[in-house]
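S.K.: Working from the sequences, and respecting the hints, build out all of it.
Here is how the chains run, residue by residue.
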Amino acid sequence: MKIAIASGKGGTGKTTIATNLACSIADMGKTVQYLDCDVEEPNGHIFLKPEINETQTITISVPQVDAEKCTGCGKCGHICQYSAIICLKGTAMTFEQLCHSCGGCMLVCPAGAITEKQKEIGFLEIGTANGVKFGQGRLKIGDIHTPPLIKKVKANALREGIVIIDAPPGTSCPVIEAVRGADFVLLVTEPTPFGLNDLKLAVSMIRELKIPFAVVINRSEPDEQLTNQYCRDENIEVIFEVPDDRRIAEAYSVGKMIVDVLPDYKKDFVGLYKNISKRLEGTQRNKTT
Amino acid sequence: MKEIGIISGKGGTGKTSIVAAFAGLAKNAVFADCDVDAADLHLVLEPKVKQTSDFSGGKQAFIIAEKCIGCGKCKDLCKFDAINLNGKGNDIVGKTFTVDPISCEGCKVCVEFCPVDAIEFNDQINGQWFISETRFGTMVHAKLGIAEENSGKLVSLIRKETKKIAEGQKKDLIIVDGSPGIGCPVIASITGADLVLIITEPTLSGKHDLQRVAQLAVGFNIPVLVAINKYDLNPEMADQIEKDALEHNIKVVGRIRYDKAFTKAQIMKCSVIEYTCSAVSEDIKALWRNVIYALG
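In order, the protein sequence lines correspond to chains A and B. If you read the first sequence in the numbering used here, its first letter stands for residue 1, the second for the next number, and so on. If you read the second sequence in the numbering used here, its first letter stands for residue 1, the second for the next number, and so on.
In short, the hints are calculated from the structure, not lab data. It cannot be assumed that every hint is accurate.
What the hints assert, rightly or not - Subject to a maximum C-alpha distance of 16 Å in a straight line, what follows is the list of computed EDC-like cross-link-like pairs (lysine to aspartate or glutamate): (1) A:Lys152 x B:Asp81; (2) B:Lys264 x A:Glu116; (3) B:Lys264 x A:Glu221; (4) A:Lys210 x B:Asp100; (5) B:Lys260 x A:Glu224; (6) B:Lys260 x A:Glu116; (7) B:Lys75 x A:Asp260; (8) B:Lys79 x A:Glu51; (9) B:Lys269 x B:Asp81.
M.R.: This is the structure we're talking about:
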């Protein structure tokens, strides 16, 4: 079962929910994996403090031109939609940073002058943390290949057991790559006008992807009901509310988990997991009948 | 004319609230909301849209069901798993191939190699961008379509249009509200800017993300300044961030105290400075003076 934790707005508490949920599931004796797919700014490691026992360099395929063979016909530059290869002064030049690895230039080159080479885009780190299987992607600084790196991180997802995917903020390609294929999405928001505006965007995105989802309101305050009202109007379940508690903010600031500092919350995260798995069983049953 | 990009690495540190406050303090500026994924600046600046334009970031493949012979060449060549055998049948085959628009990256490979020219390749509308008037001056902003890509291209377009307007109106400053992260839209938000101001918070996550985004900006040879928002939530961490920054020759030019006025101002659709004259507003004004001084 894959549960993705996403949000439109950044800083609403995705990582807090994802790490505490993963630890609480591990405490139930279940097999659980946490995958940090916020590869531009991965922060799950700060809280889970994993022991990393494997680091892989992640690469993508980009074209390499053999100047001897290149006839300067320009067909590669013509098919490339990303300006990643252009033909100048009778020879093809590449701009690897812009390449989407579609392979088009290699396929159209009549002279066989283009071959594939590997370009480093980041790292995949694998380890364990208190019974949680841990994986994170780390984008090389200055690189823009966020979605391909997320794809490689997700390729390490367990087949059996529960996989928690910590997604990047936003609503465009990196988030879509992270949440695609998930069985359930938790959208984490905060009860502010910015939080609500971005929640609405995230809801439209998840509906477009047709994945079941529910909302978590972080730093919830009893007299701030706008988000709850929106969810009621849209028929969206608010599955969990984390109160605005200074002790949680302080724990967060020094990299501590809620369930360690305030163990009373553990039952809430266990309840959150049980609630999601019950809902998924329901949809599975509906599918078969 | 100078351009300043405001980014944060980590999301939710208060970038947009601080940009909105700066908008009120700047005397002769235009504003660009380049956080096109999750744009919020309009909630405070309440722009009146004067001009709306479509944004096309690229093309997309579309298989004409009537022409498809079901050979599967497109599916074999597609590197994005965007082709599925789930289309309606025709005179030739029982099922045809279709393109999943969310997965398609518009590379044109299938179009080029379809043996019966059954695949169209059309411009795609990925969103809209706007030129608007606000109580503080002109603002350029955008709305990326749902589940769309090409946010980097849209950011570049917004900056280009903002620059044109600033030149036309003889403004001396452009303030850019960037997005979180260190990827494509962030790079598009800051390349060529005169100054980058990174808003961080006194948490381990804020510190970690600041290091990565500062390294990015320095790598692009852009002068970097840092401000620590909500510094009093963990003053020791704020000191540590300032010390680390100094070791990398980066100056912390502002500390803003934690104040619920940030949220209350949002609810009232005004900037923190319009909302209150209290100490937090003085913190922001002091930061603004330091930023202007650094811009020269």
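S.K.: Are lysine 260 of chain B and glutamate 116 of chain A close enough, with their CA atoms no more than 16 Å apart?
M.R.: violated, 54 Å
S.K.: Quick one, are lysine 260 of chain B and glutamate 224 of chain A close enough, alpha carbons at most 16 Å?
M.R.: Holds, at roughly 13 Å.
S.K.: Taken at face value, is the distance from the CA of aspartate 260 of chain A to the CA of lysine 75 of chain B at most 16 Å?
M.R.: violated, 49 Å
S.K.: Are lysine 269 of chain B and aspartate 81 of chain B close enough, with their CA atoms no more than 16 Å apart?
M.R.: violated, 44 Å
S.K.: Going straight from one Cα to the other, do lysine 264 of chain B and glutamate 221 of chain A come out at no more than 16 Å?
M.R.: Judged against 16 Å, a Cα distance of about 13 Å means the pair holds.
S.K.: With the threshold set at 16 Å, check whether the alpha-carbon distance from lysine 210 of chain A to aspartate 100 of chain B stays at or below it.
M.R.: holds, 13 Å
S.K.: Check whether the Cα positions of lysine 79 of chain B and glutamate 51 of chain A lie no farther apart than 16 Å.
M.R.: violated, 34 Å
S.K.: Tell me if the straight-line CA distance from lysine 152 of chain A to aspartate 81 of chain B falls inside 16 Å.
M.R.: holds, 14 Å
S.K.: For the pair supplied as a hint, lysine 264 of chain B and glutamate 116 of chain A, is the alpha-carbon distance within the 16 Å limit?
M.R.: violated, 55 Å
Checked against the numbered hints given earlier, the structure breaks hints 2, 6, 7, 8, 9 and satisfies all the rest.
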